[in-house]
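Chemist: Below, each chain spelled out in residue letters.
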Amino acid sequence: MKEKKSFLERPSVQAILAALLCIILGLLIGYIVLLMINPAGAGNGIVSIIKNHLNYPTKPAQMKYLGNTLVKTAPLLMCALSINFCYKTGLFNIGAAGQYVVGAGACLYAALKLGLPWPVCLLITIIVGGLWGFAVGVLKAYGNVNEVISGIMLNWIGLYLVNMILATVKESTSPYTKQIASTNKGALLPSAGLASMFSNNKYVTIAIPLSIVIAIVIWIVLNKTKFGYEIRATGFNKEAARYAGMNEKRNIILTLVIGGALAGLGAAFLYLSGYEQWSVTQSSVPSMGFNGIAATFLGGLNPIGTIFSSYFIQHITSGGSYLDKSIYPSQIADLITSIIIYLCGFVLFFKLTLTGALNKRRDRAGKSGR
Amino acid sequence: MIILAEAPYAIEMLHITKLFPGIIANDDITLQLKRGEIHALLGENGAGKSTLMSVLFGLYQAEKGEIRKDGKPVKIMNPNDANDLGIGMVHQHFKLVQCFTVLENIILGVETTKGGILQKDEARKKVLALSEKYGLSVDPDAKIEDITVGMQQRTEILKMLYRDNEILIFDEPTAVLTPQEIDELMVIMKNLAKEGKSILFISHKLNEIMEVADRCSVLRRGKYIGTVDIKDTNEQDLSRMMVGRDVKLVVDKDPPKIGDVILDVQGMTVASKAHANNAVKNVSFKVRQGEIVCIAGIDGNGQTEFVYGLTGLEPLVSGSIHLCGQDITNMPIRKRAELLSHIPEDRHKHGLVLDYSLEYNMVLQRYFEPQFLNGGIFLNRKAIREYSDKLIDAFDVRSGEGSVTISRSMSGGNQQKAIIAREIDKQHQLLVAVQPTRGLDVGAIEFIHKSLIEERDAGKAVLLVSLELEEVMNVSDRILVMYEGELVGELDPKKTTTEELGLYMAGAKREEVRA
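Protein chains in written order, with the working numbering: chain C, 1 to 370; chain Y, 1 to 515.
Treat the hints with care, since some could be wrong.
On the chain Y side, residues computed to face chain C include the following (Cβ under 10 Å) [as the list claims (entries may be wrong)]:
1. Gly312
2. Gln365
3. Leu379
Pairs of lysine-lysine residues, derived as BS3-like cross-links and limited to a Cα-Cα distance of at most 30 Å, are as follows [stated by the list, open to error]:
4. Y:Lys426 / C:Lys249
5. Y:Lys382 / C:Lys226
6. C:Lys238 / Y:Lys273
7. C:Lys238 / Y:Lys205
8. Y:Lys349 / C:Lys224
Hints were generated in silico from the structure; no laboratory data involved. We put the CB at the ideal spot given by N, CA and C, even for glycine.
Isolated chain Y, as found in the complex (with noise of 0.2 Å):
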């Protein structure tokens, strides 16, 4: 590929307007990237960055606005276009072959043949060479299956260098990685950069925008609202643009004022689906009003199976659950609902009916009360109209169409908010919430954890499942550690730290916990 030196910009997106009905997506947005540097697109979920990304790839044309390539104009009517240009993207979710090695992933759709015969001793040599000019360490004959998630990253990576891709877009790229992955990533882009790729990074984590980028530009509900040099800017600055207000990074509450038992759960033991072991062991522990109980632990240590339990969706095998002094242990979960409200970890299986409108989900745990029913068999559409704009309102839950949009295209974060809305307003003693604020951004985490302590402080007992240590640290009053299956370790988050919280969730401490 011949590089025209004299243009400064590698990839410009220039008034970009893209609509879709009932809502402006992207207007007039410009985005310049220049040669060489890793440029940040900051913005909350459903800001508009991955329309504005599937413009540049083609998958929707712009209503308006001009795309240039070093400097020229360029159509780009599908993804196969962008490919010639040189763009590629690493997709949040990632699109690899899972029985296929990474060397036959790589060369997936450009393979070299000879006489029908697939030549890979030459794509080898390439993707070696590759690998070690910018240090992605993979193993080219390895299984997708077999390896982990990090690596499958830097096989899709791979993919794009294998392609002479100059335009490289990472989407989310850190959603899925461990901490020391993360590390890793960061100097792997940094290493691209120096060698003359232009990135475009997606992000909403401040921080590592600020550890990694050049530069960023900022969109919030579908408008351009600036680009700035990250040395120049900082994080509070930053989440102010994206959010358009001072957003409080660090939680503020009083201490809880402490109330009766709640709930009491005594020698829990639920079965696994996964393997003959049971995934929740002899859990005891109780929650009192006025206080937030977070248990901790590394994601896949029985905490699915845990609330579960709790909530009604699997039978235990033993133990007892009292909540507000009735034994729920064997209660069917219509009826668990009137003390209980459940924020479920997957909003699209448990959550929502997505092909529902929103003001039907706003009802889906209240549809049969009398003041939502007319003669008891009749849906009431104006009572249910009316409170679902009222929770739309209290909630600030955007959508294209308000009450009558379909659930489904909305953003992950305002279904979220959805949700919480109607759990929270429900009658309800004990609120049980898990990885509430998994996949959101910065402003609807503040919103979420602001929600969370409103409750605590309204007497209401809340439980809260989180895989976040910062969340662990900040929103509870008390810290349950859960690994394989078991309590391991209760901890003040006033005395402790964030290492030993992890050595607890790492299995390398425990103690005896004790209801």
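So that you can see chain C by itself, here it is in the shape it has in the complex (with noise of 0.2 Å):
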């Protein structure tokens, strides 16, 4: 006998119930953090976050920052996705941070010192945060080196690395790097259109629908092609991937590779559209590949879901900054959005961590039978 399974047992639609759920705690518990801070301003923080760029009264001025909360989710979904693309082969790619470090490096010194036009910085970037990648993966293929500790030491040597080589393309009197639209206007991402759709905001370019179409290409690459069977099989039970006769070392370093790649892009869509610049004396790793991995377990681990987590994300992000000053201290912003990003991303990662301990357990309870 065949039952179809009923809409609440899909497990797409407890996906998206588990992401709302998580969603609704987050906000809660950031609004009783602002309570216990100052119960006077409470309910008007909490909605100004939401809201985001609905705090401007007219039409156009919502548009204009909402573009530039979409100029932020391009670089986070690509770092969700580097993370989301890994995780489906049973690593976790805490480098990620790092790659986005390297690839910012790569697409500004591109783009300053050498002078080259933004499809050859994309590329560069492409192949130096592949590169980032690559060396973790070796370690992990050849040395059996957990790829989440070399990751954060990569995250670290990047970052100094990055700080050191783009000391040769500041401004002369502030640690930012020089604006590219007046060094060389040529490595700017084109808008092809789309900033006159935000209000001329001029930092909304091919960035945004490009990232949205690596999202679905992801999603191909996973679900429909022998690549992905071979990732996820890898994922799933690398014993049996062997067994299968699958390339265990070739499969863990491309996949590194491309999540390297995928990071590293993710920071030549923010950098390269001239939104920000990068400041030679910061001393911690940017959170974009930190936030990336909360995007990636709020998006249910799916490339799709992840589109539309990245955005939340960069909505409550941003939001934070609409927080009353008069009220609460500017950091109180940073701690709430925080507060409410982390705890959707880990809320879906113990529900991850928790099915795979159950399931670990049934195995090995019913090995003869139901």
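Dock the two chains into a complex; use the hints.
Modeler: Structure, rendered in structure tokens:
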């Protein structure tokens, strides 16, 4: 007999419900923290975080600031895809943060020092990001070095290396790298008419649609191709993949190279829009790569879901700046948005780990049948 | 506990129906356990035995039906309720704390304390009295990790008795025991029944049921088939009830038609992961077309490492392997797979990606072949589905939702059938089958033995690695005995006896084996 699974039993519906639940929980706890700090402004505070660009009264202003949120969503989505892709092979690519950093270094160096046009800058970024992933992959495949350890170490190596290299293209009076718009206009990503849709927000470029296309491509690679079949088999059961003659070492390295390229490209999507300049005195790894972890899990480990979760997380992050500064110190905005983001990410993470552990236990207990 | 003498049944499960998505696990099942009897519950893997017991234990709630204790309806919502009703269970995989002593494990959860201090003396007295009464010899102060499996099982039994359980469930208790330990367990179970305990004995081993049980209830594919008195039945009838058709308990086969040498192993040595010595030492032998060669031996004598070396999962320390005249000693696994099919020992570790659907597992060894790809990159879902449906049909692999069933949710027997279907259908000259019938029921075992013999008759070389003496004697054409990593004897199953084979396996007898 066959019976159709009920609506609530479908995995996709469950994933979406779980994500929504996490969001509500995250917002609730964020609200409680605001209440604890200063009950007077808590209600308005959480509302203004949620409203983000809608805090502006006029439509054109709203569109302009929605554009800004999207500009930062694109790199976040790329980092999330990097982590998502590697996670399917059973690898936790915390090194995405460092791959993002070297991506930033590569694209800014190519744009400002070498004066190259944007397509070449993107290509160089992909190569350098990929190399950073390659290092983690080789260490993992041939030295059995845990990818989390080597990834974190490479994050810091990357940060200081990039600070050093970009010091050659910084403005003489500030720690920031030169403006691409005034140094090498050809390196700016084209807007292709998108800017006019967002009240002439010149930072809105092809990076945004491109990142969505890449998410869809990643989904197709994972679910529809031979390579995706191997990657997911390796992630689910490494021993069975080896038994089936899959080249485990090659797949580990290739996955991390692709992951590195994705995260690196994310940095290029931000910095080649001209939205931000790199500060060569920064002493912490940009949070983009880490927020990508939260976006991955909130997106239910699905590249398509990640598009939406990345937007949500960036929405909340940007929304934090609308918190009333006269009631809350400015650091509180970061605190609240971080609480919301990480709760969103990690509630799902715990759920996944728990199901994994339960499955393992059931495998052990149920070796001889149902 | 007060026992109402007038109620004839200690526990009754009446018209139990339990549904899972895509499958009726229990369909109107009735099970009545008399006080003081040993009642066997017989059924193939996936017949619904475990589900029924989970309902009794409150792990699942039945959609329909009623449970009665001493004639009175009861509700069992969770395992604690079951415990309060005096129902205890010895699980197939023991639930013991390895670094605790026997006594500590027995009292775990029901400790008597005085002012927060553990009072062990009384408990020890009670345990010793119980072990004497029922002939359960254990050392209460030995640590679990130091004692034999049989003794661990006795600890589990004592745990139930210590809690004054009246209804004892044994879930496939003999699967992990040696023949001597099985005999002892049979005596213990009879003693327990004589003392008024009611025993539910879950098994698919017919000879054990014939020996120890008073009555037997049979399930098949989730349905209740019937309950019979053991004294009025025999093994053949029971197996017919269980499988639904006549089952050949003895394997039929023609004399082998032996051809060219397919596999030629010379001086194979494989390192051990557990200790410094090599696990496989200087093993040489040949396997030819049309014969089933069996590597027999007691578990842990190097068979696992031998297979890893042969199939490429582990490198050799020294020696060479030739397959169909080609040197495959250092060949990658994918390349070897063109000539060799491998039914692995551990179907969960190696054989299947449990989170993949059945159809994806069916192509695990050939997803890269052109007919399963579009343009060399994209998976051809339609071709994969068709191929999987074909194999499911040909090998009678049963699952809730066919090709799209997640493999994890299938029963062990059907998982094994899926692996066998995949390995036999792909191209190969040599089939390596490692304990292919482990943990399976007679119906599935019969099917697998038949498949192996068909392989042989089709001119393939078959290498069977088995721990089951009966299987070794029945299926193989030639027996090689492995002891401590060496081949210590070559026997002809038609000319040898189980006793002689046992002597070789125990290392008491040996001879030079040359390829």
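Chemist: Decide, hint by hint, whether the structure agrees.
Modeler: Verification of the hints:
no., hint, result
1, Gly312, "holds (8 Å)"
2, Gln365, "holds (6 Å)"
3, Leu379, "holds (6 Å)"
4, Y:Lys426 / C:Lys249, "holds (25 Å)"
5, Y:Lys382 / C:Lys226, "holds (14 Å)"
6, C:Lys238 / Y:Lys273, "holds (18 Å)"
7, C:Lys238 / Y:Lys205, "violated (34 Å)"
8, Y:Lys349 / C:Lys224, "holds (25 Å)"
The earlier numbered hint that this structure contradicts is number 7, and it is the only one.
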